[in-house]
Amino acid sequence: MTIASLQQGYKDRLFSVTEVVKDYLNRLDKLEPKLKAFLAVQPETALARATELDRAWAGGKAIGPLGGVPVAVKDVIITKGLTTTAASRSLAHYVPPYQSTVVSKILSAGAIILGKTNCDEFAMGASTENSGFYPTFNPWDTTRVPGGSSGGSAAAVAAGQAMVALGTDTGGSIRQPAAFCGVVGIKPTYGRVSRYGLIAMASSLDQAGPLARNVGDAARVLTVMAGADEYDATASQTPVPDYAAELGESVKNLRVGVPQEFFAEGINKPVAQTVRDAIDVLTGLGAKVSAVSIPSMAYALAAYYVMAPAEVSANLARYDGLRFGEQIAGHNLMEVYTKTRGQLFGNEVKRRIMLGTYVLSSGYYEAYYRQALKVKELLKADLTRVWREFDMLATPTTPTVAFPFGSRINDPLAMYLADVYTVPANIAGLPAVSVPCGFVDKMPVGLQLIGSVWSEGMILRMAYAYEQATTWHNYKPSISE
Amino acid sequence: MSLSKADILHLAKLARLELSESEVDNFTIQLDEVLHYLDKLAELKNLSVSVFTAPTVLCPRADKMADYPGGSDIIKLAPRRAGNLLEVPPIFSAAESPLAVRRRAEAAGYSEKVPPEVQRESILTPDDK
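Residue numbers (this note's numbering), protein chains in the order written: chain A, 353 to 833; chain B, 1096 to 1224.
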């Protein structure tokens, strides 16, 4: 079922919003013990809103672009009046007094928020194992991780606990779990979507975006989320097209570059083959595919793991245990700081804060932070040259399929390598979409399309053409049957 | 360059993080490994690109005063508060209270040169507290 067919059903009075929301809540409850995708569920609010919409529509009110669509929201996105923890024990009981812009936009469009999804603490991680509360399980194989950090959002959508979900992506946190769970996820151009009310991880890289079962739904939700915002000076005034309306346009003669660096060492061979097969489908659709080399890509991950922790160490300084969130008592102010932060932050958060503190400290700033910023500019310059010859890049979203629980949690570097193909788009501020393109070891594989700034419409169009030419999006994890 | 346990303890202090002994041990090994990976950046020598860190286009809103009705809701989020004020523990430990500092200063004959932050303390009358 797509958003379009759901809304047609509402118009034709085949079912009511209340019936649909009850149906989703039932499935959510049934699957939750196996998946643990949610940190909070609000059945009463969701049902009350459904009743409200049923009444309004019966009275002739128009159905909004997301009217009656059951949505799950990643818990790093602020929801007014609904507990928002960022999966951190330091915010275990935080009920925000204000609304994030993305949530306010989807609510105005008629969406119904079912609950908040689990993620890695403060969105730091690639497996959702870093949640301060519990890990989420991959619906395709519950012995494996769903990816991260938006693992709860990806698992919930894949298993049909919600129709679509909101996620955030700082280094791949929408696309990587989307690939691991066999759903579509798009990280928009930096500045496309307002960051007001995203609990900040790395402010120069963070973007919110949708996860959905199909490209059409993702396009529809992105159209609602995007746009300028007086509360975020980095949210662009660039006009927002109707991404869903443009999907059917031709992809013939679009120039697709295949960066060789993404198929070099470190990639699982069957995953590489699956993605190469998917790229052949693009050729079959009339795209002009050719190889390209972008040597600076090899340095993107290292630059990312300097820039992101540096911003993390500054952004997380606000958690002092005094103004909001939890506090661990101490004899003096210093003890309150160190105990609150030391006892309530998880290992990955502490590692990144210390790494960030290190790369920003005098003596190391030049060698690490400033050098990383230079690599960022180098990568952007290389990509600017690429866009003269190509309209988009096609790559694997991840080097492997979802890995088993516990296999990387004590090896941070191995965990960081899961982001190797997704971080370049964040560093360069580019839009990138992951679309299901096959299976390896019965686990989903993702094809990533990266475009130049503001080219969400074009990469979504290519993803849509690919989806229509293949059947991967029709597969569902057996757990959801 | 390798990270030592002392480096980790110093970083933890700068970052205001209390660490257990096992965390210190693990982080020393793990962060050292990550830093070795990050050293890859040094392979790119003499990069002549300019570093421009701000987003290229900013769209700030008009700089106008506006009412924010939710102020009291924000104060209510504080884990400890006294009325409309946040309650925080003392900055100095008992042994180093401003009073103790002043007495020590006076005993040493420095009554004319009491540090400014200690003088500020004496401005508070009992009614203010």
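To be clear, the hints were calculated from the coordinates, so they are not data collected in a lab. What you are looking at is a predicted structure, and each value in this text was computed from that prediction instead of being measured. Among the hints, erroneous ones may be present.
A short, non-exhaustive set of chain B residues, derived as facing chain A with CB atoms under 7 Å [claimed, not checked]: (1) Leu-1104; (2) Val-1129; (3) Val-1146; (4) Met-1160; (5) Ala-1161; (6) Asp-1162; (7) Gly-1166; (8) Ile-1169; (9) Leu-1172; (10) Leu-1180.
PhoX-like mimics (lysine-lysine), calculated; alpha carbons at most 25 Å apart, straight line [to be verified]: (11) A/Lys-691 to A/Lys-732; (12) B/Lys-1135 to A/Lys-732; (13) B/Lys-1100 to A/Lys-432; (14) A/Lys-691 to A/Lys-374; (15) A/Lys-691 to B/Lys-1140; (16) A/Lys-413 to A/Lys-382; (17) A/Lys-828 to A/Lys-732; (18) A/Lys-726 to A/Lys-640; (19) A/Lys-382 to A/Lys-363; (20) A/Lys-640 to A/Lys-691; (21) A/Lys-363 to A/Lys-432; (22) A/Lys-386 to A/Lys-640; (23) B/Lys-1171 to A/Lys-726; (24) B/Lys-1140 to A/Lys-732; (25) A/Lys-621 to A/Lys-691; (26) A/Lys-726 to B/Lys-1135; (27) A/Lys-640 to A/Lys-604; (28) A/Lys-828 to A/Lys-382; (29) B/Lys-1100 to B/Lys-1140; (30) A/Lys-374 to A/Lys-363; (31) A/Lys-386 to A/Lys-732; (32) A/Lys-432 to A/Lys-621; (33) A/Lys-363 to A/Lys-386; (34) B/Lys-1159 to A/Lys-691; (35) A/Lys-457 to B/Lys-1159; (36) B/Lys-1135 to A/Lys-691; (37) A/Lys-382 to A/Lys-794.
Glycine residues also receive a C-beta, built at the ideal position from the N, C-alpha and C atoms.
Taking the hints in turn, this is what the structure says about them:
1. The beta carbon of B/Leu-1104 is not positioned within 7 Å of any beta carbon in chain A (closest approach about 10 Å), and the interface hint is therefore violated.
2. This hint holds: B/Val-1129 has a C-beta 6 Å from the nearest C-beta of chain A, less than the 7 Å allowed.
3. Given hint, B/Val-1146 at the interface with chain A, holds; its Cβ is 4 Å from that chain's nearest Cβ, closer than 7 Å.
4. Below 7 Å, beta-carbon pairs count as interface contacts, and B/Met-1160 has none with chain A, the closest being about 14 Å; its hint is therefore violated.
5. Taking 7 Å as the C-beta contact cut-off toward chain A, the hint placing B/Ala-1161 at the interface is violated, the least distance being around 10 Å.
6. Restraint check, B/Asp-1162 versus chain A: the minimum CB separation of about 14 Å is more than 7 Å; hint violated.
7. For the restraint placing B/Gly-1166 at the interface with chain A, the shortest Cβ-Cβ distance is roughly 9 Å, beyond the 7 Å limit, so the hint is violated.
8. Interface hint status for B/Ile-1169: upheld, as the beta-carbon distance to the closest one in chain A is roughly 6 Å, under 7 Å.
9. Given hint, B/Leu-1172 at the interface with chain A, holds; its Cβ is 4 Å from that chain's nearest Cβ, closer than 7 Å.
10. Checking B/Leu-1180 against chain A by beta carbon gives a least distance of about 11 Å; that is not within 7 Å, so the hint is violated.
11. A threshold of 25 Å between alpha carbons decides the hint, and for A/Lys-691 with A/Lys-732 the separation of about 41 Å lies outside it, so the pair is violated.
12. About 19 Å separates the Cα atoms of B/Lys-1135 and A/Lys-732, which keeps this hinted pair within 25 Å; it holds.
13. Annotation: proposed proximity of B/Lys-1100 to A/Lys-432 is violated, straight-line Cα distance about 43 Å (limit 25 Å).
14. The hinted pair formed by A/Lys-691 and A/Lys-374 fails the criterion: a straight-line CA distance of about 43 Å is larger than 25 Å.
15. For the proposed pair A/Lys-691 and B/Lys-1140, the alpha carbon gap of about 42 Å is over 25 Å, so the pair is violated.
16. With a C-alpha separation of about 33 Å, the suggested pairing of A/Lys-413 with A/Lys-382 is violated against the 25 Å cut-off.
17. Using a Cα cut-off of 25 Å, the hinted pair A/Lys-828 and A/Lys-732 is violated, with the two alpha carbons roughly 38 Å apart.
18. The straight-line distance between the Cα atoms of A/Lys-726 and A/Lys-640 is roughly 32 Å, outside the 25 Å bound, and the hint therefore fails.
19. For the hint linking A/Lys-382 to A/Lys-363, the alpha-carbon distance of about 29 Å lies beyond 25 Å, and the restraint is violated.
20. Restraint check for A/Lys-640 and A/Lys-691: not satisfied, since their Cα atoms lie roughly 57 Å apart, outside the 25 Å limit.
21. Distance check on the hinted pair: A/Lys-363 and A/Lys-432 sit about 30 Å apart at the alpha-carbon level, beyond 25 Å; violated.
22. For the hint linking A/Lys-386 to A/Lys-640, the alpha-carbon distance of about 44 Å lies beyond 25 Å, and the restraint is violated.
23. The hinted pair formed by B/Lys-1171 and A/Lys-726 fails the criterion: a straight-line CA distance of about 44 Å is larger than 25 Å.
24. About 17 Å separates the Cα atoms of B/Lys-1140 and A/Lys-732, which keeps this hinted pair within 25 Å; it holds.
25. Pair hint A/Lys-621 plus A/Lys-691 does not hold up; C-alpha atoms about 46 Å apart against a cutoff of 25 Å.
26. Between the alpha carbons of A/Lys-726 and B/Lys-1135 the distance comes to roughly 13 Å, so the proposed pair stays at or under 25 Å and holds.
27. Between A/Lys-640 and A/Lys-604 the alpha-carbon distance is near 8 Å, which keeps this suggested pair within the 25 Å criterion.
28. Between A/Lys-828 and A/Lys-382, the direct Cα distance comes to roughly 16 Å. Compliance with the 25 Å bound is thereby established for this hinted pair.
29. Of the supplied pair hints, the one linking B/Lys-1100 and B/Lys-1140 is violated, its CA atoms being roughly 30 Å apart against a limit of 25 Å.
30. For the suggested pair A/Lys-374 and A/Lys-363, the alpha carbons sit about 18 Å apart, so the restraint of at most 25 Å is met.
31. Taken as a hint, the A/Lys-386 and A/Lys-732 pair is broken in the structure, with Cα atoms around 42 Å apart against an allowance of 25 Å.
32. For the given pair, A/Lys-432 sits about 46 Å from A/Lys-621 by alpha-carbon distance, which is inconsistent with the 25 Å threshold.
33. About 34 Å separates the Cα atoms of A/Lys-363 and A/Lys-386, which puts this hinted pair outside 25 Å; it is violated.
34. Proposed proximity of B/Lys-1159 and A/Lys-691 is contradicted: the alpha carbons are some 40 Å apart, above 25 Å.
35. For a cut-off of 25 Å, the pair hint linking A/Lys-457 to B/Lys-1159 stands: about 24 Å separates their Cα positions.
36. Using a Cα cut-off of 25 Å, the hinted pair B/Lys-1135 and A/Lys-691 is violated, with the two alpha carbons roughly 35 Å apart.
37. The straight-line distance between the Cα atoms of A/Lys-382 and A/Lys-794 is roughly 23 Å, inside the 25 Å bound, and the hint therefore holds.
The structure is inconsistent with the numbered hints 1, 4, 5, 6, 7, 10, 11, 13, 14, 15, 16, 17, 18, 19, 20, 21, 22, 23, 25, 29, 31, 32, 33, 34 and 36, although it conforms to all the rest.
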